[in-house]
Amino acid sequence: MDALLHQVLAGLATGGIYASVALALVMIYQATHLVNFAQGEMAMFSTYIAWSLVNAGMPYWAAFFLTVGFSFVFGVLIERIVIRPVENSPVLAVVVVFIALLVILNSVTGWIYTYTIKTFPSPFPEQPLFGNKYMSSHEIGAICVTLVVLMLLYAFFRFTPLGLAMRAAAQNPESGRLVGIRVGWMLALGWGLAAATGSVAGMMVAPIVFLDPNMMGGVLLYAFAAALVGGIDNPAGAVFGGFLVGVLENVLGAFVIGNELKLAVALVLIIGVLTVKPSGFFGKVHVTRV
Amino acid sequence: MKLKLIPIAALLSAALASPAVLAQKKYDQGASDKEILLGHINPYSGPASAYGTIGRTIAAYFKKVNEEGGVNGRQINMVSYDDGYSPPKTVEMARKLVEQDKVLLIFQSLGTPPNSAIHKYMNAKKVPQLFVATGATKWNDPKGFPWTMGWQPNYQTEARIYAQHILKTKPNAKIAVLYQNDDYGKDYLKGFQDGLGAKAKTMIVKEASYEVTDPTVDSQMVQLQSSGADTFFNITTPKFAAQAIRKAWDSGWKPVQYLNNVSAQIGSVLKPAGLDKSVGIITTQYLMDPDDKEWKDGKAIKDWVAFMQKYYPDGNLHDVSNVYGYTVAQTLVQALKQCGNDLTRANIMKQAASLKNVQIATLLPGVKINTSASDFAPIESVQLQRFDGTTWVRFGEVMGK
Amino acid sequence: MNARNLAGMAIVLALACALPFVVSEYRTFQFTLVLVYAIALLGLNILTGFNGQISLGHGAFYAIGAYCAAILMDKYGVPYWATIPVAGAVCLLVGFLFGLPALRLEGLYLALATFALGVSLPQLLKYHHLEEWTGGVQGINVLKPDAPALFAELGLPLSQDQWLYFFTLGITLLMFALGWNLLRGRIGRAMAAIRDNHIAAEAMGVNNAMVKSLTFGVSAMFTGVAGALGAVAVQFVAPDSFNIFLSITFLVGIVIGGLASISGALYGALFIQFVPNVADEISKAAPWAIFGLFLIAFVYVMPAGVAGAIHMGMARLRRKRQNP
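Residue numbers (the working numbering), protein chains in the order written: chain A, 1 to 290; chain B, 1001 to 1401; chain C, 2001 to 2324.
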């Protein structure tokens, strides 16, 4: 029983990682209706920027917010400079551009910072909360941060005019233009927000998995699955999906199928869910009219 | 016909054996009066890209040798390609090096699957596949594959040493094993199981594997802890080793821990994990760790640091891989020096198989390089050492040959 | 198929046949790989370009084909040429079976499902219960075939590489002809109809489910045949050779080559085989960054792929000639 609890809690901790990246994926999807495969690498790159700042002597929170700001700008620039020219190309061409971004960011980061792992500081205390042995303070803190970000984003999209404009621009760009929304800038804003969310994810993940250029590689698949399981257009669903995937993977690996096949089985289960509930658990069901 | 040939053959061999002819220069493709052209394949990208630094250190070392006059007056030029740890790419790059770039030999290709992919090709083409960067046992097979030679102590031997140590010091231990689910991890596991012999089944209470693409090994560590084991064999690469050490401590699990040599580094593993969390970890080693108090101020590491600062300033001074590259490059230079003016591939293999008690400064004291026609394993001696929080403390004797 | 097109193809074919006698063995080996990738890309293009079903996991079918060939050759002593149709048949079946449940998934969801397939296959290959057949992490070594003695007797001795090139070329021509025939006919039109507007297609009487699953199967078959040929060319299969990056490379290949284009498969294959090497020559420090830049450049300049760009270029030329 204790073992099960331990695995579930460890799963929540890992799930927190997936949840935060899934959140960034959903952000980008909400703004652009595209899944950005380079999201993980952008987050990783932002984390390295933060690392450089901290290494240069800057206090943690200063570096944190500076990095979030930098990532926002970086996301906007990428949208304006790299993605804008291929806006009207077929979807797969845009996917290839994302893949190119992924590859470029990974390669450049490895070149600048080398591939040896680095430690990334955590703002949370070293000692585990209440001396518990299941989750470190950082893991609990990271989950809390993800939830805070989620609430901020929810509030932004739901209650601010800018958030509404962004949603409109993504859902129906033509109508959006007709009512005066600057669709191009909405897209850029969406990218900026997603990049900023991703950087928070990266900075929360790095203390757990250690910082190296390949840090996000394995996470992306799970984040993708999490985002879809929770509903690709629902940020809260993405976070839920992340936790679900984390716990599922751990429990399967420990008690059901063993570590060697847990990846395959976890994914089969997720796909099974999607065949039964094609919009994920909390996604909006799209009815297509002929 | 035959009768006439014999006297002629006798005359010829007498002539060839004369000293004047021995000093004659003999070259295979890639060698000349001015240069020795080497081929090299490393994973500069992909999942094993952390090892790409070895290739850069080696290149830097050859630059140093060249500036100091080269080997027997010849400049060493190394052509290095990236295979991304993908065997089909390794095959393509090996063929490019041998057939297009026309190198003399291929040096330090990295990884078991990449090397397995070109194993037969290199031996069919009779091109030396020298000092490969992997600890698999199969590179020591002079009869079957006379053109392939390993360098570092092989994984199975290392694992057997740990097994024997456990049998000696803790015969009733309950052992948990974490291993990377690939050739390197499974090789270690096999050696370990063989080392425990009949007791393996009862002593090993849990084995957990992980993939190189897994973000963390937390779940596996929880599984191992839940098995109630009191001894832990940690077969992981640096990133996962650090995670495992930290998770064990966080979960309040304090087993006797054996860490594979691949990750037994202070700067890139124990420090990130936490030096205080790594106390008591046992490993074997044959190289000097540049962060180890004992070697830091010694001439060997000081020379190495000077070399890195001059020829590879971007290189990480806390990464043992860079000491590895420095040491293996010197081994090759030694073998090439012994070749003299006979730079045929056959002679290179012969000289590589004639390294007698070669000592390189950055090898641990007592560890020497020895090869022979039936022994294609240059380094077979290692020493057990235990981490005390700041440094590795060696104990026992240097084992092996 | 007008006369000009046929003439063009004949010239290309002649050049292809002359190739192994003019270039080194190493280059012949590289071009053999180009042909292998061309078949694989044609397979993916049939599914994604012509039928609109995205697949991020085609590397898995390539792997299955490769392992079929390797296991048959290594464990059962089957001659190399006999393994090709078996690999194709196995992948046809597996692809069809995968396509059935995948029917319910569209767009992103199908992408995830195929991504999952591509990611988990290496783990399956390493699974210790299957180790006896797959060789586990150690992989399987495969022997390179010799050219049939017939050629030597005819006074035209072929080296192993040259023979393998011609063998692969023959299979490539066969597969391309097969593909062309399929896409030209009713099924091809049904596939395109589903891609463009699947509701209308269903309304028009196309059996969406059947066509889609069949397309998956056929697409897998092509890629599986390519995998088998690849295994014989490289002479080694191991789980590490078939990771998710291979699937992504295939996707990149068809987009760069040209979606919904048969010749695009060839351009894409040339790109994925040679451009990484070129990138490596340009920058030793960050070659994949250069490769990424190439990708972006290609997509900017030729959003419809190389085939699309050539098509437009030819159309422009024709118009110029008509209106001087």
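These aren't lab readings, by the way, just hints derived from the structure by calculation. Incorrect hints may have been included.
Chain C residues, not near chain A, derived (Cβ > 12 Å throughout) [stated by the list, open to error]:
hint, residue
1, THR2048
2, ARG2104
3, LEU2105
4, VAL2119
5, HIS2128
6, PHE2166
7, THR2249
8, PRO2287
With beta-carbon atoms standing in for the labels, derived distance ranges [what the hints assert, rightly or not]:
hint, chain 1, residue 1, chain 2, residue 2, range
9, A, LEU5, B, VAL1279, 46 to 52 Å
10, C, ASP2196, A, THR275, 41 to 47 Å
11, C, LEU2093, A, PRO161, 40 to 46 Å
12, A, ARG182, C, TRP2180, 45 to 51 Å
13, A, ILE81, B, ASN1341, 54 to 60 Å
14, A, GLY272, C, TRP2081, 35 to 41 Å
15, B, ASN1172, C, LEU2093, 24 to 30 Å
16, B, ALA1373, C, TRP2180, 18 to 24 Å
17, C, MET2210, A, THR275, 37 to 43 Å
Keeping only pairs whose Cα atoms sit at most 27 Å apart, straight-line, the calculated DSSO-like set for lysine-lysine is [claimed, not checked]:
hint, chain 1, residue 1, chain 2, residue 2
18, B, LYS1102, C, LYS2075
19, B, LYS1296, B, LYS1125
20, B, LYS1254, A, LYS133
21, C, LYS2144, B, LYS1125
22, A, LYS133, B, LYS1026
23, B, LYS1190, C, LYS2144
24, A, LYS133, B, LYS1190
25, B, LYS1143, C, LYS2284
26, A, LYS118, B, LYS1296
27, C, LYS2075, B, LYS1310
28, A, LYS133, B, LYS1302
29, B, LYS1063, C, LYS2144
30, B, LYS1125, B, LYS1190
If you're wondering where the values come from, they're calculated on a predicted model, not measured in any experiment. Using N, Cα and C, we set each Cβ at its ideal position, and we do this for glycine too.
Hint-by-hint comparison with the structure:
Against chain A, the non-interface label of THR2048 (chain C) is violated: not every CB pair exceeds 12 Å, the least being about 7 Å. A cut-off of 12 Å between C-beta atoms contradicts the statement that ARG2104 (chain C) is not in contact with chain A; the least separation is 5 Å. A cut-off of 12 Å between C-beta atoms contradicts the statement that LEU2105 (chain C) is not in contact with chain A; the least separation is 6 Å. Not every beta carbon of chain A lies more than 12 Å from that of VAL2119 (chain C), the smallest distance being close to 6 Å; the non-interface claim is violated.
A beta-carbon of chain A is positioned within 12 Å of the beta-carbon of HIS2128 (chain C); the least distance is around 7 Å. At roughly 33 Å, the least C-beta separation between PHE2166 (chain C) and chain A is larger than 12 Å, which holds for a residue marked as non-interface. With a minimum CB-CB distance of about 9 Å to chain A, THR2249 (chain C) fails to clear the 12 Å threshold, and the non-interface call is violated. Interface exclusion of PRO2287 (chain C) from chain A breaks down, the closest Cβ pair being 7 Å apart, not more than 12 Å.
Between LEU5 (chain A) and VAL1279 (chain B) the beta carbon distance is about 28 Å. The supplied range of 46 to 52 Å is therefore violated. A hinted range of 41 to 47 Å is violated for the C-beta pair ASP2196 (chain C) and THR275 (chain A), which are about 24 Å apart. Judged by the Cβ atoms, the range 40 to 46 Å given for LEU2093 (chain C) and PRO161 (chain A) is violated: they are separated by roughly 55 Å. Look at ARG182 (chain A) against TRP2180 (chain C): about 47 Å separates their beta carbons, and that is inside 45 to 51 Å.
Against the hinted window of 54 to 60 Å, the Cβ-Cβ separation of ILE81 (chain A) and ASN1341 (chain B) comes to about 58 Å, which satisfies the hint. Distance hint for GLY272 (chain A) and TRP2081 (chain C): a CB-CB separation of about 40 Å, consistent with the stated range 35 to 41 Å. For the hinted restraint 24 to 30 Å between ASN1172 (chain B) and LEU2093 (chain C), the CB-CB distance of approximately 52 Å leaves it violated. Look at ALA1373 (chain B) against TRP2180 (chain C): about 59 Å separates their beta carbons, and that is not inside 18 to 24 Å.
At roughly 18 Å, the beta carbons of MET2210 (chain C) and THR275 (chain A) sit outside the given window of 37 to 43 Å. For the hint pairing LYS1102 (chain B) with LYS2075 (chain C), the CA-to-CA distance comes to about 35 Å; that exceeds 27 Å, so the pair is violated. Restraint check for LYS1296 (chain B) and LYS1125 (chain B): the C-alpha separation of about 44 Å exceeds 27 Å, so the hint is violated. Under the criterion of a C-alpha separation no larger than 27 Å, the hint pairing LYS1254 (chain B) with LYS133 (chain A) is consistent with the structure, at around 12 Å.
A distance of roughly 14 Å separates the Cα atoms of LYS2144 (chain C) and LYS1125 (chain B); the hinted pair therefore holds under the 27 Å criterion. Restraint check for LYS133 (chain A) and LYS1026 (chain B): not satisfied, since their Cα atoms lie roughly 67 Å apart, outside the 27 Å limit. Between LYS1190 (chain B) and LYS2144 (chain C) the alpha-carbon distance is near 31 Å, which puts this suggested pair outside the 27 Å criterion. Annotation: proposed proximity of LYS133 (chain A) to LYS1190 (chain B) is violated, straight-line Cα distance about 32 Å (limit 27 Å).
Distance check on the hinted pair: LYS1143 (chain B) and LYS2284 (chain C) sit about 37 Å apart at the alpha-carbon level, beyond 27 Å; violated. Note on LYS118 (chain A) and LYS1296 (chain B): the hinted pairing holds, with a Cα-Cα distance of about 21 Å set against a maximum of 27 Å. Taken as a hint, the LYS2075 (chain C) and LYS1310 (chain B) pair is broken in the structure, with Cα atoms around 53 Å apart against an allowance of 27 Å. Of the pairs offered as hints, the one joining LYS133 (chain A) and LYS1302 (chain B) is violated, with about 42 Å between alpha carbons and a cut-off of 27 Å exceeded.
With a CA separation close to 39 Å, the supplied pair LYS1063 (chain B) and LYS2144 (chain C) exceeds the 27 Å bound. Taking the CA atoms of LYS1125 (chain B) and LYS1190 (chain B), the gap is near 32 Å; set against the 27 Å cutoff, the hint is violated.
Hints 1, 2, 3, 4, 5, 7, 8, 9, 10, 11, 15, 16, 17, 18, 19, 22, 23, 24, 25, 27, 28, 29 and 30 from the list above are not met by this structure, while the remaining hints are.
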